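**Q** Spelled out from the first residue to the last, the chains are:
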Amino acid sequence: MVAIDGALALIAVLLIVQMWLLSATLEAYLGGRDGVVVPAAVVSGALCAMCLVLASFIRKVGRTGPNDSVS
Amino acid sequence: MTLKTKDGSEPLWRDEFSVRAEDERLVTRRQFAKFLTLTSVAMAAGNAWIVVKSWFRRPPEFPRVTVAAIGDVPVGGVKLFNYPTPNDPCLLVRTDADTHVAYSQVCTHLSCAVFFSPESERLECPCHRGSFSVTDGSVIAGPPPRRLPRVVLERRGSDLVAVRMEGHGGEPTR
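Quick note, the sequences are listed as chains A and B, same order. Per the working numbering: the first sequence = residues -11 to 59. Per the working numbering: the second sequence = residues 9 to 182.
No wet-lab data here; the hints were simulated from the structure. Computed from a prediction, not measured in an experiment: that's the story for all the values here. There could be a bad hint or two in this list.
[Claimed, not checked] Cβ-Cβ distance ranges computed for the label pairs, FRET-style:
(1) A/11 to B/64: 15 to 23 Å
(2) B/166 to A/5: 14 to 22 Å
(3) A/44 to B/95: 34 to 42 Å
(4) B/63 to A/12: 33 to 41 Å
(5) B/68 to A/11: 18 to 26 Å
(6) B/163 to A/12: 32 to 40 Å
(7) A/34 to B/28: 25 to 33 Å
(8) B/143 to A/26: 29 to 37 Å
(9) B/129 to A/38: 24 to 32 Å
(10) B/61 to A/34: 15 to 23 Å
(11) A/0 to B/97: 41 to 49 Å
Glycine included, every Cβ here is placed at the ideal spot set by N, Cα and C.
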């Protein structure tokens, strides 16, 4: 279960980074700096892929675990 | 666990505390991970949407507008005008005898109107004490995230003509 908790925490961290990235990209776009838009989208996509991998890991491991509840 | 009165009916406090902990639905780790991952997909989709928007953004068209005659504004003086549309307030500052600069009057923080302070020689925003350089519009202090859009001026005879804006993100305000 420690592995699942660790993966969940990692997903949460990646999500916070993605939120920051989206707000910063929007700020740059509104400021007319289009150069950062594509790299930011690539990084955000990579973070999303990592989240998907971690989620599939949790899904795989969670099926075999005895206690699957958060609360 | 069931709490009943002696005659077998539900106790009176059950009306006030009608939610049973054991009946509450547990959020599993898998469900929580799924929620977080879907949010992550939404963030990536948001970034992708900005890319698409930037591809289809038309470069703004700026008209040529006569802002003022050179002698109209004294040194240290200010003239307000609207550019590129009547809904975009700007201000022209004569910083010395030969130099005129013009910027959008809309603060890049929360869109308050900035003003020129001759004492500090800065463009000040009164709302949250943001200040911008009168030389290039860059942020000197306060919360504004980016510089003021600059109106590019050209001298035509004795007139100052606004020809375009720099650092103006989107299309002119309609």
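**Q** Look at each hint and say if it fits the structure.
**A** Here is how each hint holds up against the structure:
1. Between residue 11 of chain A and residue 64 of chain B, the C-beta spacing of about 22 Å keeps the proposed range 15 to 23 Å intact.
2. Taken as a hint, the range 14 to 22 Å is violated for the pair residue 166 of chain B and residue 5 of chain A, whose Cβ atoms sit roughly 55 Å apart.
3. Taken as a hint, the range 34 to 42 Å is violated for the pair residue 44 of chain A and residue 95 of chain B, whose Cβ atoms sit roughly 50 Å apart.
4. Evaluation of the 33 to 41 Å hint for residue 63 of chain B and residue 12 of chain A yields a failure: the beta carbon distance comes to about 19 Å.
5. Distance hint check for residue 68 of chain B and residue 11 of chain A: the Cβ-Cβ separation is about 24 Å, which falls inside the suggested range of 18 to 26 Å.
6. Evaluation of the 32 to 40 Å hint for residue 163 of chain B and residue 12 of chain A yields a pass: the beta carbon distance comes to about 38 Å.
7. The beta-carbon spacing between residue 34 of chain A and residue 28 of chain B, approximately 45 Å, falls outside the hinted interval of 25 to 33 Å.
8. Under the hint 29 to 37 Å, the C-beta atoms of residue 143 of chain B and residue 26 of chain A, about 32 Å apart, fit the expected range.
9. For residue 129 of chain B and residue 38 of chain A, the hinted distance range of 24 to 32 Å is not satisfied, since their beta carbons lie about 49 Å from each other.
10. Here the CB-CB span from residue 61 of chain B to residue 34 of chain A is close to 21 Å, well matched to the stated 15 to 23 Å.
11. Between residue 0 of chain A and residue 97 of chain B the Cβ separation comes to about 43 Å, which falls inside the hinted range of 41 to 49 Å.
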